[in-house]
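There are 2 protein chains.
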Amino acid sequence: MRTSIATVSLSGTLTEKLAAAARAGFDGVEIFENDLTGSPLSPEEIRERAADLGLTIDLYQPMRDIEAVPADEFARNLRRAEHKFRLMRRLGADTVLVCSSVSPYAVDDDTLAAGQLRRLADLAQESGIRVAYEALAWGRHVSTYEHAWRIVEAADHPALGVCLDSFHILARGSDLSGIEDIPGGKIFFLQLADAPQMALDVLQWSRHHRCFPGQGDLDVAALVRAAVRAGYDGPLSLEVFNDVFRQADAGRTAIDARRSLTLLQESAGVTAPPAPVVPTGFAFVEIATADTARIAPLLTALGFSRTARHSGKPVDLWEQGEARILLNTDTDTDTDTGSHRSGPSLTAVGLESPDPAGASARAESLLAPVLPRRRAPGDAPLDAVAAPDGTEFFFCVTERPGDTGHPGWTGDFVPAPHTPAPIGITRVDHVALSQPWHHFDEATLFHRGVLGLRPQASVDLADPYGLLRSRAVSNEDGTVRIALGVGASPGEDPARGGRPQHVALVTDDLVPTVRRALASGARMLPVPANYYDDLAAAHEFAPGELETYRELGILHDRDEKGEFRHCYTVTTGRVFFELVERVGGYDGYGARNAPVRLAAQHALAE
Amino acid sequence: MRTSIATVSLSGTLTEKLAAAARAGFDGVEIFENDLTGSPLSPEEIRERAADLGLTIDLYQPMRDIEAVPADEFARNLRRAEHKFRLMRRLGADTVLVCSSVSPYAVDDDTLAAGQLRRLADLAQESGIRVAYEALAWGRHVSTYEHAWRIVEAADHPALGVCLDSFHILARGSDLSGIEDIPGGKIFFLQLADAPQMALDVLQWSRHHRCFPGQGDLDVAALVRAAVRAGYDGPLSLEVFNDVFRQADAGRTAIDARRSLTLLQESAGVTAPPAPVVPTGFAFVEIATADTARIAPLLTALGFSRTARHSGKPVDLWEQGEARILLNTDTDTDTDTGSHRSGPSLTAVGLESPDPAGASARAESLLAPVLPRRRAPGDAPLDAVAAPDGTEFFFCVTERPGDTGHPGWTGDFVPAPHTPAPIGITRVDHVALSQPWHHFDEATLFHRGVLGLRPQASVDLADPYGLLRSRAVSNEDGTVRIALGVGASPGEDPARGGRPQHVALVTDDLVPTVRRALASGARMLPVPANYYDDLAAAHEFAPGELETYRELGILHDRDEKGEFRHCYTVTTGRVFFELVERVGGYDGYGARNAPVRLAAQHALAE
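Sequence lines, in order, name chains A and B.
The numbering of the first sequence is the working numbering, which starts it at 754 and goes up by one.
The numbering of the second sequence is the working numbering, which starts it at 754 and goes up by one.
Source of the hints: derived by calculation from the structure; they are not laboratory data.
Quick reminder that beta carbons are idealized off the backbone N, C-alpha and C, glycines included.
Each hint should be verified, as a subset may be incorrect.
Quick look at which bits of chain A chain B covers, simulated, 3 or more residues with Cβ under 8 Å [unchecked claim]:
no., stretch
1, 1272-1286
2, 1340-1352
Okay, the calculated bits of chain B under chain A, using three or more residues with CB under 8 Å as the criterion [to be verified]:
no., stretch
3, 783-791
4, 944-955
For reference, chain A alone in the conformation it holds in the complex (with noise of 0.2 Å):
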């Protein structure tokens, strides 16, 4: 089906959107009026620009507080519809969009709405133009799509059909199945958007909170599954009114809502892109600094050894268990973002893929900019993806004894002489990545349609100076976790360390691990001891159970399903490390504990 987007849905000027619109792929355009209204532009030129750009002019929109009104009034509105199809004539749009009346002088009648929009309809035949109507969900006397039909079908004129807009449908509980009784042909089109579920007023709610598809909390999927079993066939169009798409870079947006598009369109089973490939497991974690002095004593403490080096880059590669972590010394790449001049950064994470090349395509055909593969001749291929914060994403295999088939990142590594000293550590639990700020539901929608993984409810945490938001995303068995977090304003306080990003990593038994890294030297963040007069509050623990944790500055976390034990190191550069125990079913990260951690944190770092 064709794809279409909202000129609404985008920021800048026309000129700017259309052109994010079809660098994104779409293959039109809805005209949102204000847009053009405050457009240098004429409407030939308008309609050359689109031309130009490969995009059709697919809807023009919105005509308001047309029908259901007094004769005189209708008499204005039928002047105002000539001025706008003359205009639209001008522009080679063919549909325009008529939103059920919201006028105090609407009156509830639905003989004399078709009659009004019969006449209107004749009026746009006359110029070669369609009129949808779509009932708003706060329309002032038809506000569900079953009644904008009833008066279409009542109206009874082949240029008057009726649009349907998910965000009205899907916003008010609407029952679908009213939809398979139009006749696909009826429906002129169909306007898609998502929304949060949220106990607001339906107006704020649509004009504010709408993102793309797979963002929210609607089911957008089931809406087109239900128009498409009508016969309808006309575009998918995004019309979404957010208030942070109103600021954001245009072409950005229209890449997050492209993929959304997309990842909709399998949904609801009319495209079918590369299927996902869910990755099994953390591969490695690439660390960049420009230097090792700070990092690499850190490591060692925490019982990683260095037990090999790329055979072609700076990189070294440290290893415990199956927890792996890459220092990337070769900080020429990274210079222009100058995300080293505070130190080591989180840059890259390997995810162990049993499909590498699978999951390099799901990515592409979700607009993921697929990197280039950064490779010396006789390397494995490796292939990566950026993730919308920037942090590369590799597809990965660890070759292990007898494995053949695709070949395994770390042939490319030649071992290092090592003395293991590890200290229990096993794996990577989890890795946690600021997003940049507005960018969440970019992220979230990112992880789960290209990546595969699943998303959690997502929380806030208070940091000292604002709500954080956090949501977790992984795989079933939690073998891969990402923590992704967003602040509360666009510039985190360089002043007070940025916001850094850490590395999760799991011990079966964490009190002896933290005495062994303490032993050897690491610095573990030191916790308030109210932190464990309130714990003592809350729970009852086994003698000498709780001074361990104060002694350890070990924070402590329960669920109905177990029991989740975690420390921290002290940040260096813009990393930290976590060490986590999770008993029992324990399925979360601590949510409560991040305040207290903030404050240490902050406290630090003063």
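Let chain A serve as the given structure and place chain B on it in line with the hints.
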């Protein structure tokens, strides 16, 4: 009455919050448990810190899910309470807040609730602690203050009373008359917060959108009056959960909070600060600029003449009718803000005041920074305060022939020879001031409370790069109007010219005025042709009228009371001018045209 603020209302560490509360003049604080838990200071050290700052610790909060639970659960709760009472003794806090249960284990049994709260109060009393029981609006079984009071009354324990929270009570639209039936001595605490009226889930509304009294839509003063009539004489304490305050500078937020509380006390009739002095007009608008090369010709083209120069400062007075503009080239005073680097900027507004000293006393009592009087010996005294956006407001008298009393500000100016060449401008209609991000409510409260202006509803304006919010404040007859605007994100992109401010000037006949301005070389903002097509569709105009508007770049609006014609000069530095003609009783600002104006300004800047 004593004033207090909950630490959760301010950002930062506990130490920073205490310091900010003290600096703003609060008498005490409520300690929010998370702030203590995350603090490296021991309870004794916190007690000492507060005492050193002259702050009492009026409340420790919150204790949750205590009452109406099964016996074994209650035993655990008492154990928890023992821990917390021990902590409160160390902290020197003698009142604890207990919120009504939200626990799924809580049962709907008032007798059980009363019995368990009595037992809790027994335990508290042993430690010299009082328990203030509060109904959360989303409490599982107890969600109204009347219900909470019935349980407290039944428990009948001297160490048990109620806490009244204005949010929980007013958000539910509760009848306040029941408050006076509670003996004042049993109202242990009063927590105050306002909130904008929202059809939002009450818990989300409460946790994220509370604001300081006077910044929302709840009648907090009515609640204070009821509590005072009941005999309550404890502190008035602000407890505001707000996403913005969590990240804003704590010192600034505390001042805003303290100002809100003074205005609330005034509304409730428990304090009488100096009465408001409502300004009666604009005395002048001051524009600072390093050089006048760009602005002076523009003023000349707009019909202003340089009529006088200040006797002691490089400040010129330009006049036309009752419109007065000061050009101040004394940029030394402002170089630290860097505001002049990009050319002329609007820095001060002179308000015609019936009582400048009174206005200044009012401002000072409301913690407005009173500015050093920038005067030479012999100058008229200039009472001035700084608004939250940095604009300086002067309270002045413009002397007219035969006036006596307060010396006029023009007495400091030496007339300059000039030939008037007016183009029909009679006075200043309004000034539009850009507010810092996230400080819109603070600005509204300031202009209402300190300057005595009346706020109108806020409106959203669609800029191509994000939604702006705008709210006008004015005096009764509209001779003083200020449009406060705020952008969508903290950094206005300097590449797009920053967010300019503007001065709107009144003419009784816009068309000839604009023609004369153009003839004198004024550059007016070009308006897209599409705007006039849209206007033609919307309304019928007299023959030639629309063509004239199109020719001159005049925008048009109408409401039920009249019409509005307006147009804009191009921006110079950070300032532009608007020419406005109000016809009939039109009382707005042409908000419907703002998106077109903003788009046109962006187009010109690129």
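Hints, one by one, checked against the model:
no.: 1; hint: 1272-1286; result: holds (count 6)
no.: 2; hint: 1340-1352; result: holds (count 4)
no.: 3; hint: 783-791; result: holds (count 5)
no.: 4; hint: 944-955; result: holds (count 4)
Checked against the numbered hints listed earlier, the structure breaks none of them; every hint is satisfied.
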